[in-house]
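If you read the protein sequences in the order shown, they are chains A, B, C and D.
The opening position of the first sequence corresponds to residue 3 in the working numbering, with each subsequent residue numbered one higher.
The opening position of the second sequence corresponds to residue 3 in the working numbering, with each subsequent residue numbered one higher.
The opening position of the third sequence corresponds to residue 3 in the working numbering, with each subsequent residue numbered one higher.
The opening position of the fourth sequence corresponds to residue 3 in the working numbering, with each subsequent residue numbered one higher.
Incorrect hints may have been included.
[Stated by the list, open to error] Computed cross-link-like contacts, EDC-like style, restricted to lysine to aspartate or glutamate with a CA-CA straight-line distance of at most 16 Å:
1. LYS193(A) to ASP194(C)
2. LYS193(C) to ASP62(A)
3. LYS193(B) to ASP194(D)
Quick caveat, the hints were computed from the structure, so don't treat them as lab data.
Protein chains: 4
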Amino acid sequence: VAHRVAVVGASGYGGVELLRLLAAHPSLDTEVVAAHSQAGTPVARLFPNLPGDRVFDAIDVEQLAALDLVFLATPHGPALELGAALYDAGVPVVDLSAAFRLSVDGFSTWYGEEHPRPDLAAGDPAAADDVVYGLPELDRSRLAGARLVANPGCYPTATLLGLAPLAPLLVPGSVVVDAKSGTSGAGRGTKDELHFSHVHGDLAAYGAPAHRHTGEIERWLPGELGPISFTPHLVPMSRGLLATCYGTVRDGVAAADLADALHDAYAAEPFVEVLPSGTFPHTKALAGSNGCQLSAVVDQRTGRVVVTSAIDNLGKGAAGQALQNANLLLGLEETTGLTAIGVYP
Amino acid sequence: VAHRVAVVGASGYGGVELLRLLAAHPSLDTEVVAAHSQAGTPVARLFPNLPGDRVFDAIDVEQLAALDLVFLATPHGPALELGAALYDAGVPVVDLSAAFRLSVDGFSTWYGEEHPRPDLAAGDPAAADDVVYGLPELDRSRLAGARLVANPGCYPTATLLGLAPLAPLLVPGSVVVDAKSGTSGAGRGTKDELHFSHVHGDLAAYGAPAHRHTGEIERWLPGELGPISFTPHLVPMSRGLLATCYGTVRDGVAAADLADALHDAYAAEPFVEVLPSGTFPHTKALAGSNGCQLSAVVDQRTGRVVVTSAIDNLGKGAAGQALQNANLLLGLEETTGLTAIGVYP
Amino acid sequence: VAHRVAVVGASGYGGVELLRLLAAHPSLDTEVVAAHSQAGTPVARLFPNLPGDRVFDAIDVEQLAALDLVFLATPHGPALELGAALYDAGVPVVDLSAAFRLSVDGFSTWYGEEHPRPDLAAGDPAAADDVVYGLPELDRSRLAGARLVANPGCYPTATLLGLAPLAPLLVPGSVVVDAKSGTSGAGRGTKDELHFSHVHGDLAAYGAPAHRHTGEIERWLPGELGPISFTPHLVPMSRGLLATCYGTVRDGVAAADLADALHDAYAAEPFVEVLPSGTFPHTKALAGSNGCQLSAVVDQRTGRVVVTSAIDNLGKGAAGQALQNANLLLGLEETTGLTAIGVYP
Amino acid sequence: VAHRVAVVGASGYGGVELLRLLAAHPSLDTEVVAAHSQAGTPVARLFPNLPGDRVFDAIDVEQLAALDLVFLATPHGPALELGAALYDAGVPVVDLSAAFRLSVDGFSTWYGEEHPRPDLAAGDPAAADDVVYGLPELDRSRLAGARLVANPGCYPTATLLGLAPLAPLLVPGSVVVDAKSGTSGAGRGTKDELHFSHVHGDLAAYGAPAHRHTGEIERWLPGELGPISFTPHLVPMSRGLLATCYGTVRDGVAAADLADALHDAYAAEPFVEVLPSGTFPHTKALAGSNGCQLSAVVDQRTGRVVVTSAIDNLGKGAAGQALQNANLLLGLEETTGLTAIGVYP
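With the hints as constraints, model all of the structure from the sequences given.
Given below as structure tokens:
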């Protein structure tokens, strides 16, 4: 029996990637494809990979409340409201925005707003048990019973997958994350700085040192590693994200300890591949997939480990992971409708 | 029950795309992954989207002869030999090269070689009944009984899908095909002209006026449209192919007749989408898919119709179509393991 | 002694390219950098290659009328007005828009507007003698005395340079021009279809069969070749334009005649290079330059010649050619401040 | 009076960029264009931006010894030999390779070879006075009298311009440099990993933690900042290099001190532009130029400064800087034939 689901905020890139994945999912039926600003517009006008006559629906909470699961792919503002309403109505929600990822304090610090529902802030001590930060490889224990999943951000996903197993072996205060993303991570909005003529052949940092994902990484990185330096860059490709993570290794920790920590963490994971030290993950290997590839190398001269971690920002960094979380929440096989194999070349 | 298949010539781009598609196919097991020049090399060293320990196998005809179907993705030279040996051994073959697409005369004209087996030249009057040119949308009647399928070239696929339904309505001698392809169509070989530093930001024609696909298009374009002009171009993208086809419309033929011809040809096809006249297909909408999108517009001033037809050159233009043909040959549902939805953006 | 010049409409791509070229010109001083919508904005905010404190000026016709030459790089609407005012005030103008390129009838047909000043329509029989279509390689005789130069469009420049010398040798009605441009040709305006995430890895035709440059090509192509088919495409690169031109060769004309015609036309030209038949021009070879490279090959099977002609759409296709025209108009050495050597790779 | 110069190793990207710049230089005549492996090959076959009949010359030391200056753009192996021979013959040399940049010990450590000529190792205490590391913005005092200039590497140029003025204000051992380069930095050699199909849409680190430029940066970074972490990445663009540099600020140093240090260092420099803190340099703004743009921002939470520094790797990172050094060496105006304005967009 199929589960009836909705994608709300379907006119953004997270939304269209969900539609693509859901079209191939054997047991989820996409009943609603809602987008506030585009209601009535044919989906194909925005996304030519989805030809046909389907138009974006308006958002109707009552209609959504009758479904089996709702994916929210809106900005965090509308998500705060919709997520709370649907949670209160008892509908399982996977939210791709930042609305429910942090603590109440963290939300206030990084988003400049009061969080209206401490019980729905997955990173808060006051969060309800069925409100869960959805990075299954770090902790999938509570996802089966979750009602509201805060789907991680793209940069935090790559960074946490790369650093979390190593965190106990690193010196507090030593972590630097230099991250790079394709343009789809910046959304579908037309802006001067996303014009093809400007991005083609260009590379630049942006948003440092106060990008909001910094707070999310710090909240979910295990241990007490203290504030981290995080600098994102815009790379001339449409998909793909690479986090290059530096940390000073604690005294007495050997390179083999780091390798073992990564191997132990991911040996059984279907979507994470640890590459041999000295080789480096390529974002393109993950294009269109839910996979993550990473590797670590220790620099004995400086005492630092360098971890590079690659994902598709719309896959494991957004829609793919959302579907993985939905599978877990609904009691389906975790890998259904997903692949770790990217479209290459 | 799964069918046991092989991919021979798996180290090329057609090969790796087949491996990706086969990994998700529910009823085909990839028993052999052979590549003459790369035997013993880990697949992951060439194709990072396929991590793991699998190595390329050597080519062993006896081993292949014990399988249920063999995909040949080698150059046409080895394919001539392997295809004949496997056909004689009774193993179904889908060949992605040009070895079996033309007539004996056409092969001699365009490839400068005698064809050793007229019975296996799908375009020859002497071809056996179970040797078939595999463009299902034009004629899928004989694919169920085929033993050797000559999988069409990338440029011919896009061009024929665009022009074949219109051929009876066009003036002989009037057809010009201006085609553009991403670099993966030129293969994995490292050459100066495929160096990223040279292709990035560049565009050029090549191979005109004697590109070998000209002969294939002329052989399979219905009617007596006479010689065509065909000019391919290399475009700075890794996948995607667009054929812009011009033809003079016969006297008395209306724009609506052309539209009807396209609609009638493809209304029931799962992989071909005819877009409204005045809109234009985008190659990116098909990335990673087996789909084709096309549209036609008539220029009343010049009396010409302009058809643009887009595919993924490695999908519908190679591996996707090969799998579609294999599905038909094996009696499986034609769409199994395939999608018409590209990875976008 | 330096000539004092202005760039009006300097916030578009033609404008910024003029600013770059003028900064290196030894005898032109850029006194005014005007942009109606951006007056007061720092130039560097839009164009980071021009750092510093200079801000866009407002448009002040009186101020402009005191200069030695004005480059107009606005859309054709404002150019019609400004160009007429400055012409009447006796200031030499080089206009990069379509305002003054056609006849009055052509303007009405392709732009849907009455042309207010037949005497300033360079393509009209009523045009004044000092109003000149500025493609020096076709006719530079009147540029020295010009007061208003209609700078050709990007597609017409490449097409005319490729086809004009061959026109007498071609069959009327047989010409097809399949053109491809980088995104800067579409301007700086932010639009969905120019978003990097959409253009990257994509290729599509647009605007066929009624792109406005069709009329400009037909107006200035010598001989009576009749209506042509013109189809532009958007290519994933920021600069570069290639016109692939097809025409049926008249009976009795040999391939050598075509080669001679091209050679004779351009042997002494500093900015046009005819490549050997069988090789093909690369747009990247012209990046940032005022050069054009082209070659022709005859297909004996079809009786057609295929000419490919490459330029930088912002160079020879816009700002470079404007400066070349200004040099001629002002009596300077034609090549001053210009190069035929592109930035490669 | 023109100086007669040669480019040796002219078939590489540093070489072709020199040829482009020299073609526009008013007082340098390029007498010899030598390339060992390509002698006799037309330059235009490799570099279509340089059409014409000129062929690469063979390398003839006697011929070179009669010139006024020789640019060496070969790998460091041949450069060691040629540079020494020409120096001994009294011909001024600007060498773009790593042959003469380090100390004898450093060369042995990072290049695994004995340096044959301590007197020609610019980074060695034993170096002759007229053997100079050529980064004019750090120290141009000895360039006027130099006979052998070791032209800096691309990564060191961007990194040193970004960090050198700040070095006294940073904590030893705290520096991390995360660098990103376009593919032209990897040279013209055809390799699997430089194939367009692989690089397009891809991003990866490489060579960490032992890239040879690490040693060069450590050698020339002022102060005793200890070993640094250096990780280069390959970015899908042909030109452009960005170094993102992290360092912990010493106690008591204010953000304004860092800003002042940068401003004081570069206020009078024609090729270095310090952007306002909070804005970020774009590599594309420098394409084809000899400019560098950089900015610094302090993260009070972590106590680190983040400096991003952008250049064209073939411009200020190679050929442009070589010409700047040659100008100084020959007593010409330092900026002759160079620009800080990139080709944008």
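Structure-based check of all given hints:
no., hint, verdict
1, LYS193(A) to ASP194(C), "holds (9 Å)"
2, LYS193(C) to ASP62(A), "violated (29 Å)"
3, LYS193(B) to ASP194(D), "holds (9 Å)"
Of the numbered hints listed earlier, the single one contradicted by the structure is hint 2.
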